[in-house]
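Chains as they are written, first to last, in the UniProt record's numbering: chain A, 1 to 326; chain B, 1 to 326; chain C, 1 to 326; chain D, 1 to 326.
FYI, nobody ran anything at the bench for these hints, they're computed from the structure. Glycine included, each C-beta is placed from N, C-alpha and C at the ideal position. Among these hints, one or two may not hold up.
What the hints assert, rightly or not - Some but not every residue of chain C turned toward chain B, in silico, with C-beta under 7 Å: (1) Gly-66; (2) Gly-70; (3) Gln-186; (4) Arg-188; (5) Pro-200; (6) Asn-229; (7) Arg-237; (8) Leu-247.
Protein chains: 4
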Amino acid sequence: MQYGFLGPETTFTHQALLQALAAMPEDAADDAPVLQPFSSVATATTSLVEGEIDALMAPIENSVEGGVSGTLDILAATKRITIVAEQVVPVTFVLAARPGTSLADVRAVASHTHAQAQVQGWIRAHLPDAAVEPASSTAAAARELALADVEDATAASRAAICSPLAAEHYGLEVLAEGIEDNRGAQTRFVLITRNHRIPPRTGADKTTLVVHLAHNRAGALLEALELFNANGVNLSRIESRPIGDALGRYSFSIDVEGHLEDRRVANALRALHRVCPVILFLGSYPRADGIRPDVSSVTADTAYDEAHAWVDALSEMLTPGDDPQI
Amino acid sequence: MQYGFLGPETTFTHQALLQALAAMPEDAADDAPVLQPFSSVATATTSLVEGEIDALMAPIENSVEGGVSGTLDILAATKRITIVAEQVVPVTFVLAARPGTSLADVRAVASHTHAQAQVQGWIRAHLPDAAVEPASSTAAAARELALADVEDATAASRAAICSPLAAEHYGLEVLAEGIEDNRGAQTRFVLITRNHRIPPRTGADKTTLVVHLAHNRAGALLEALELFNANGVNLSRIESRPIGDALGRYSFSIDVEGHLEDRRVANALRALHRVCPVILFLGSYPRADGIRPDVSSVTADTAYDEAHAWVDALSEMLTPGDDPQI
Amino acid sequence: MQYGFLGPETTFTHQALLQALAAMPEDAADDAPVLQPFSSVATATTSLVEGEIDALMAPIENSVEGGVSGTLDILAATKRITIVAEQVVPVTFVLAARPGTSLADVRAVASHTHAQAQVQGWIRAHLPDAAVEPASSTAAAARELALADVEDATAASRAAICSPLAAEHYGLEVLAEGIEDNRGAQTRFVLITRNHRIPPRTGADKTTLVVHLAHNRAGALLEALELFNANGVNLSRIESRPIGDALGRYSFSIDVEGHLEDRRVANALRALHRVCPVILFLGSYPRADGIRPDVSSVTADTAYDEAHAWVDALSEMLTPGDDPQI
Amino acid sequence: MQYGFLGPETTFTHQALLQALAAMPEDAADDAPVLQPFSSVATATTSLVEGEIDALMAPIENSVEGGVSGTLDILAATKRITIVAEQVVPVTFVLAARPGTSLADVRAVASHTHAQAQVQGWIRAHLPDAAVEPASSTAAAARELALADVEDATAASRAAICSPLAAEHYGLEVLAEGIEDNRGAQTRFVLITRNHRIPPRTGADKTTLVVHLAHNRAGALLEALELFNANGVNLSRIESRPIGDALGRYSFSIDVEGHLEDRRVANALRALHRVCPVILFLGSYPRADGIRPDVSSVTADTAYDEAHAWVDALSEMLTPGDDPQI
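Pulled out of the complex, with its shape left as it was, chain A reads as follows:
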């Protein structure tokens, strides 16, 4: 199996892919998977569609920046690719050094400018006298330190600010973790495959949709939300994206709790299909947090099945019987 991801190596997307592989059942992950970094989601998607890779990990939503437009737009525009899994990765940084270096030894810290900005409070507090040096990426900072010549006397007094994965990948020791000033930021990633494949429901699933609303009808968004609500389907995310043809025209990227196999989800999708000029199904897949939604008895599968059976029984009465027609 060939897996693509938004590179370079040791990015948070890489981390998300490793998490996804670790979570797979053993037999599915039996063969040694091949991981391949791509410079953009667009090029990776082309490789996926052309069969050069089998799946692709891409960021879809960040807790600070919101939806990742590039990924959302590619998902909406590419036929027959679907999301089959999600992973959430904390946006967190570590201070890493060569084995044997202690925090007190550190005289210089290297990282990418962007990452430096996110940890400056910690640096000021814990390494006020250290020199802060630029690197082309957090991965590069880690790699350079790892590859430093054994003769290089300064190597034992240098550290890198990088992702936990980069530290591990390059054999560095973590001197401090969670050193970002704003704790709790997360990015959500999705694993995408071709051929419109939908994994079976687990009971703790999510379904991703794109809908356009009828622009000539007032209250179209209200109407769409009522159709989810009428089927007991909660939204875990709703984001607007411009359609592009006029000011004020938006499509909505939506995650709902539940799986296409859940009757309540399928019924809500049918209802939306009626009222929305465009509706795209981007996948049903297990939730990263494994939380099972609280499903009311009136929107459980059995409630839908019994309702169907009732109307089917009524409909049989439509056939003229022995009674003379009145």
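Once you have looked at the hints, place chains B, C and D on chain A.
Just chains B, C and D now, kept in the frame of chain A:
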């Protein structure tokens, strides 16, 4: 064919039944139908269920008094009987006399007290000097006048206040019609058969339901109405009836525009079946007024069919394909 | 103070009035109140409006029969009379006899036919050999027994089926209580005064309304219910009543949880006033059951007051300030 | 008056500001306004708040890219600044040259890479043989051409791709207009002032809001939309923005049709204030398109005023009157 109706003969119910027979296609009404008056809807229903009669005409709603409780309750309580047609009859009275009598000849007017009360304005204006005499029913007033001995000299100066049908039935001449003080009152009647039979849809149909609401959930009526609304199903009547077990507990007798064969109606019924502890289907049948509802493109049959086809196509992707499972 | 009630004496309405008087604060009930039976709610209302009585107790809703049309229609049609209290009375019967009579002594039981029908199961089980004798009312049965000549030897072997109040009123002894076959039936009564008076809120109140819906707008009932819902106002009763001008045209008699002084109720009333062609306020008054509704923080008085203050503050910005106008 | 705009000169924002000034009543625009370009909306906002400029024009929404995050976030985060006007500017390009140059003369075309990409279809069709040369901005391309030395023989065979305003500003002649490949793109700009000032309503107004939804309540967005709908307030734009504290947490930037002085808008704002943990009012101002919304009689100002008067009259009944208290 044996038809029951709430008697005696020449009542408005009798009139409704004659209207219904006249409206039937010729081959359905080929044989001479037999019409049988009953003293109550309850006894007529027993005859219907036991197969002694084939259909039954009963009043269901009056524009002044509202729902006819007796009929509504029997419909709700009796299994496998359904409404197959409706008729609307104006509640109107005529002044009728023996052929040859003119309005100027009339010295005495007979009717039932109830009918007299409804025409007293007209009598005061047009027959201020006439004696007003009681009769046991409007039909009895008409019949007595019709059967008056040919030797009875007063017969030519007497008139009866009765239904148009009674005048016709007893061979009287109508001297004035529409003489009721409050014009425009109407009663709606339904034709009921056994064996849960549903006539085919005509495009201008009505469906009658009884629903109980979940009493432990706030906004249950709102929720039920939203489910009709979400399917573009209009209500032409909604009436409350006490369930009987506690104060404030009501069921609702509902007429909606449309037929069980309309996808939007069937879908609304399924939705209600999920959320209502009790839902009874009492029939789909042609509207008396023949008005076709204005159906939006998003609730037309094709919209439901296309939505089903779309979700069915998605669901086929659930079967594992050639792709290795990720 | 003069109180009217739907008579005769010892009816359940009489019982409701006695309950209401017992529940009044001592100083309000200081003077000996005068209680006066009326033969109909209509005549009692005329007396109320003309100032001959100060208040009137009338039945409004029965758990088996539903709304009491006569009372509902008079409340809707009479200006400036309002409901100021409610009482709930169980519809229950007792077997009563002269003091000294035991159940084993009873050979004959008298009551009104209607009451007999409701206790026949109990009579069959406990007095299978007793003669059942008709009376003109349950009160009459009790009174006749109470007034029986002391010489009448059969008096000691006779019993009456009547209301608990009738037994007490006529000095009879209760041999068995709660003997009705269907337990739990209740009737709700309202105390009505003139001059549009509204008692202060207690926190456990009810408000009674009549609304007509705009007949030319689809979903009018749904819209009205949404306006209650948007203000967190629960309905404890909703009943339809024909408006009278056409088939399918209904007004709704509604009880909501809360008092006119509750911001959420006042706001819902304002919203309904906008969309309903007719809305009648029939009173805010303490609930008989004393249950306080569960009010969310978003519909508490403070939430409305803060929202008002916010918009008022914004509106002050409408006055041109020091800034030059752009 | 000092006006800031997102520079450099001749940007579409500059164009929007000129449009706004041209639209002002004469007396308001009497003095010669001073226009000052800023390198970012953030620095311009600081100048506005500190009183160095009086108003600021900034882009808020583009028909292709959607909301302009920078402006939306600054509006949400800055106290007491409000939108007082909007302008819509078509995103369109012209081919401009020195006076006397004709299309047939053009041998070289200069522009910014970004603009070149948007007009390449037109260039291929109309100037297939022209050399395409880069410039640092579309304004720079125009300026360089305008300032070319009079001795420069090539100047008469060169053209610039720039905004219509740049051509006019630098005294160039427009050889072709509307040459962008995708026609119809527009950007919407808002004029912002300090001191929370609200211009009077014109009848064709817009109100801009930011709301956060209660994240622990299902259907919070649905509830918010219902509150607009219940007051007949249409949304002309709704966009999500991450709140930043967790995945799936969004605020909404909303434009509604109407003005704070419209009772329906004020009432909807009060209702939202109750249910939303955060609601920001960013201004009521005239719509650029001048379209007056279709206001139903049930949401007209008079409907709100009459509803208020009715409840106020009812509330007067709360004061104990002459009637003894029951």
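Tested hints:
1. Interface hint status for Gly-66/C: upheld, as the beta-carbon distance to the closest one in chain B is roughly 4 Å, under 7 Å.
2. With 7 Å as the threshold, the beta carbon of Gly-70/C stays out of range of chain B, its nearest partner Cβ sitting at about 13 Å, so the hint is violated.
3. Because the smallest distance between the Cβ of Gln-186/C and any Cβ of chain B comes to about 5 Å, under 7 Å, the interface hint for this residue holds.
4. Hint status for Arg-188/C: holds, given a least beta-carbon distance of 6 Å to chain B, under 7 Å.
5. With 7 Å as the threshold, the beta carbon of Pro-200/C stays out of range of chain B, its nearest partner Cβ sitting at about 24 Å, so the hint is violated.
6. Contact between Asn-229/C and chain B, as hinted, is supported at the beta carbon level, the nearest pair being about 5 Å apart and thus within 7 Å.
7. Given the 7 Å rule on beta carbons, the hint for Arg-237/C holds: about 5 Å separates it from the nearest Cβ of chain B.
8. The interface hint given for Leu-247/C is met, as the beta carbon of that residue sits about 5 Å from the closest beta carbon of chain B, less than 7 Å.
In summary, the numbered hints that this structure violates are 2, 5.
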